[in-house]
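Colleague: Use these hints to put chain G onto chain D, whose structure you have.
First to last, the protein sequences are chains D and G.
For what it's worth, our numbering labels the leading residue of the first sequence as 524, then goes sequentially.
For what it's worth, our numbering labels the leading residue of the second sequence as 471, then goes sequentially.
To be clear, the hints were calculated from the coordinates, so they are not data collected in a lab.
Since the model is a prediction, treat every value here as computed from it, not as a measurement.
Do not rely on the hints blindly, as some may be mistaken.
[As the list claims (entries may be wrong)] Derived lysine-lysine pairs resembling BS3-like cross-links, with alpha carbons at most 27 Å apart:
hint, chain 1, residue 1, chain 2, residue 2
1, G, K582, D, K977
2, D, K977, G, K579
3, D, K949, D, K930
4, D, K930, D, K971
5, G, K582, D, K900
6, D, K984, G, K551
7, D, K808, D, K857
8, D, K984, G, K536
9, D, K984, G, K535
10, D, K977, D, K900
11, G, K536, D, K761
12, D, K977, G, K509
13, G, K535, D, K949
14, D, K578, G, K582
15, D, K984, G, K532
16, D, K971, G, K592
17, G, K610, G, K592
18, G, K535, D, K930
19, D, K971, G, K551
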Amino acid sequence: MTDKRILILNRGEIASRIAKACRELNYTSVGVWTESEPHARHLEFCDEWVFLEGKTNQETYLNIEQIVGVAKENNIDGVHPGYGFLSENTDFAKALEENGITFIGPHSEAVRLMGDKAVSKTLAEKHNIPVVPGSTGAVKSVADAKKVAEEIGYPVLLKAVAGGGGRGLRPCADEIELENNFEAVGREAMSSFGNGDLLVEKFIVNPRHIEVQILADKKGNTFHFFERECSVQRRHQKIIEEAPSPFIGEDEALRKELCDTAVRLAKAVGYDSAGTVEFIMGEDKNFYFLEMNTRIQVEHPITEEITGIDLIVCMIQSAFGIDLGIPSQEWITKTGHAIECRICAEDPITMLPAPGTVTGFETNFPQGTRFDNCLYKGLEVTPDFDPMVGKLVTKGITRSVSLRKMKAALDGLFIEGLKTNVPLHKVILENEKFVGGNYSTKFIGEEKPQDDVKTDFDYEKIYSMLATIEARRMGF
Amino acid sequence: MRNYFIDDEKNEFVVDLHRTVVHSSNLVEFTFSALENDKLERTQNIFVRKLAGQYFVSMDNKRWKKLARQDAPNIMLNVNKVYQLFRGYKPSGLMGGNEGELLTQMPGKIVKIIVEKGQQVKKGDNLLILEAMKMENEIKAPIDGTVKEIYVSEGQALENGFLMMEVEKA
Numbered sequence: 524m525t526d527k528r529i530l531i532l533n534r535g536e537i538a539s540r541i542a543k544a545c546r547e548l549n550y551t552s553v554g555v556w557t558e559s560e561p562h563a564r565h566l567e568f569c570d571e572w573v574f575l576e577g578k579t580n581q582e583t584y585l586n587i588e589q590i591v592g593v594a595k596e597n598n599i600d601g602v603h604p605g606y607g608f609l610s611e612n613t614d615f616a617k618a619l620e621e622n623g624i625t626f627i628g629p630h631s632e633a634v635r636l637m638g639d640k641a642v643s644k645t646l647a648e649k650h651n652i653p654v655v656p657g658s659t660g661a662v663k664s665v666a667d668a669k670k671v672a673e674e675i676g677y678p679v680l681l682k683a684v685a686g687g688g689g690r691g692l693r694p695c696a697d698e699i700e701l702e703n704n705f706e707a708v709g710r711e712a713m714s715s716f717g718n719g720d721l722l723v724e725k726f727i728v729n730p731r732h733i734e735v736q737i738l739a740d741k742k743g744n745t746f747h748f749f750e751r752e753c754s755v756q757r758r759h760q761k762i763i764e765e766a767p768s769p770f771i772g773e774d775e776a777l778r779k780e781l782c783d784t785a786v787r788l789a790k791a792v793g794y795d796s797a798g799t800v801e802f803i804m805g806e807d808k809n810f811y812f813l814e815m816n817t818r819i820q821v822e823h824p825i826t827e828e829i830t831g832i833d834l835i836v837c838m839i840q841s842a843f844g845i846d847l848g849i850p851s852q853e854w855i856t857k858t859g860h861a862i863e864c865r866i867c868a869e870d871p872i873t874m875l876p877a878p879g880t881v882t883g884f885e886t887n888f889p890q891g892t893r894f895d896n897c898l899y900k901g902l903e904v905t906p907d908f909d910p911m912v913g914k915l916v917t918k919g920i921t922r923s924v925s926l927r928k929m930k931a932a933l934d935g936l937f938i939e940g941l942k943t944n945v946p947l948h949k950v951i952l953e954n955e956k957f958v959g960g961n962y963s964t965k966f967i968g969e970e971k972p973q974d975d976v977k978t979d980f981d982y983e984k985i986y987s988m989l990a991t992i993e994a995r996r997m998g999f
Numbered sequence: 471m472r473n474y475f476i477d478d479e480k481n482e483f484v485v486d487l488h489r490t491v492v493h494s495s496n497l498v499e500f501t502f503s504a505l506e507n508d509k510l511e512r513t514q515n516i517f518v519r520k521l522a523g524q525y526f527v528s529m530d531n532k533r534w535k536k537l538a539r540q541d542a543p544n545i546m547l548n549v550n551k552v553y554q555l556f557r558g559y560k561p562s563g564l565m566g567g568n569e570g571e572l573l574t575q576m577p578g579k580i581v582k583i584i585v586e587k588g589q590q591v592k593k594g595d596n597l598l599i600l601e602a603m604k605m606e607n608e609i610k611a612p613i614d615g616t617v618k619e620i621y622v623s624e625g626q627a628l629e630n631g632f633l634m635m636e637v638e639k640a
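Chain D with its partners taken away, still in its complex shape (with noise of 0.2 Å):
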């Protein structure tokens, strides 16, 4: 096998998994410093080091001027972009090869047609796969409205063309309602986006978000590695991920159709190598598909935990053409079940970025843990980055077991001088509703775990915490 040079085109402790997935190639990885984080941790898992110069990420990690630059310079054969940065950025992968680099990831094409919702919607319906029924384009009135309405049936939401951000947005449970709401919506479309549009859409009640992991390779090999249940979701990012998904629970039929339609998505577009395509699914288990991740995600462990694979190892295989040992999908089957927590930096309440410095990092976990992380005493959290410091990963044979190896991981992280979501993860795993497996993406707000966090001032941690400063003040 010749030796390969990887660029890890990212940070944190994604980075760092990155660089593991290379060492048991036995590939060179290359990290990447700025001057925003001279000390980063990955680099201790890194076996070179670049520079990249400039202090915004515009200048840094999102150059793709001086990142190809700086990968002809250091002879480096491929790139992985790992998640956000230009990890769904044609450019980028065009100019890496045009310069004989291998982009670590699919190809152009499919990152295209996946990365434009309307694209990726339009394509997905051409080959059959559900996606959420609604007016294809606005409709003109009320009456077009109705009518829209009454052929995907009620309840329906009214939908500014212009919208996002969760504005421009109102469910109508009937008639009468819609027609209460289509020129309040539309005013209101209007005055906020500039466009007063409309698209009549079918509502669906109580939404869980699941996503099925896909990997494929050059040669059209398509597997499916199941699903993941991400409805624990706060400002419509997701906090806690579970493989596989509690609401499809023992139904394989379900399971089987959910994941073949993916596969079948995935091969529409002739994808080539690890990504993710995320469904809706409504109360009644019908599911409709929402989009495509044409990169690795941040919960990817849970699944390499339920099925054994390193899916990040098969990635880089995959860029590269080396086959992926995989025999067929039969082969492919799931153990037990994998829980994943985000742990950020912001405060367990308010839900809210809250940047600082840690003063301690300890851990004490049960057997069965995985911490991805980038903590290391004395890291600052900046408002530059994203607050996520680490995920906290447990396996059991069986969700409770798992629940219960996650709340004695929790119990056993040890995180000072910056607060994180630890407390408000605790208070989640003790709730009734999650537990018992049956939540939708309305989760956090209809439960609102965040009020239970209890934050009287703990007078046995305080006292501990002052008697160890002191002992060490003696010179203890």
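Modeller: Relative to chain D, chain G alone:
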């Protein structure tokens, strides 16, 4: 030795260390109490043992707990509050940040100023949008009143603790 814990909102906790017993070269016992309503309450003994370069603590010298070793002894986290810890003295001049003063709670950039000087506002009204940690945060009026002064402009990057706006109580 008296220890003062003061959080961002100037809430204060006082913890006294009033007894230290060195049992051996790697075992030491402390007694702490908290000052509540001018009385010392919640008296508790804490044992500290150093083992393999790591501190372990115990309430009863039997059952030991691991803790993260603190490297910055002046910061203490309790769930959703980060306290400044002052040992032996209480700092003066920590007050400031009057009722209607809006100070940045984290470094960030002003995206949009929604109100104008002299405008009437109600408690909870959005005054401006501050982008911090890749997120837009709506800064709300802390009280009913009038916008007395705006000290910042759109696009301006701010450090922590920067006075952005003043609202005069109605």
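Colleague: Given the proposed pairing of K984(D) with K532(G), does the C-alpha separation stay at or below 27 Å?
Modeller: Roughly 17 Å separates the two Cα atoms, so the pair holds.
Colleague: Holds or violated: are the alpha carbons of K971(D) and K551(G) at most 27 Å from each other?
Modeller: holds (20 Å)
Colleague: Given the hint that K610(G) pairs with K592(G), does the C-alpha gap stay at or below 27 Å?
Modeller: holds (9 Å)
Colleague: CA of K535(G) to CA of K949(D), is that 27 Å or under?
Modeller: holds (19 Å)
Colleague: Regarding the pair K949(D) and K930(D), is the alpha-carbon distance no greater than 27 Å?
Modeller: Holds, because 7 Å separates the two Cα atoms, which is no more than 27 Å.
Colleague: Assess, step by step, whether the Cα of K977(D) is no farther than 27 Å from the Cα of K900(D), and give holds or violated.
Modeller: Holds: K977(D) and K900(D) sit about 26 Å apart, inside 27 Å.
Colleague: Run the distance test for K984(D) versus K551(G): straight-line Cα separation, threshold 27 Å.
Modeller: holds (14 Å)
Colleague: Taken at face value, is the distance from the CA of K579(G) to the CA of K977(D) at most 27 Å?
Modeller: violated (32 Å)
Colleague: Does the structure keep K578(D) and K582(G) at a Cα separation of 27 Å or less?
Modeller: holds (24 Å)
Colleague: Between the alpha carbons of K535(G) and K930(D), is the straight-line distance 27 Å or under?
Modeller: holds (17 Å)
Colleague: Straight-line Cα separation of K971(D) and K592(G) no greater than 27 Å?
Modeller: holds (26 Å)
Colleague: Has the given pair, K808(D) with K857(D), been kept, meaning a C-alpha gap of at most 27 Å?
Modeller: Judged against 27 Å, a Cα distance of about 22 Å means the pair holds.
Hints 1, 2, 5, 11 from the list above are not met by this structure, while the remaining hints are.
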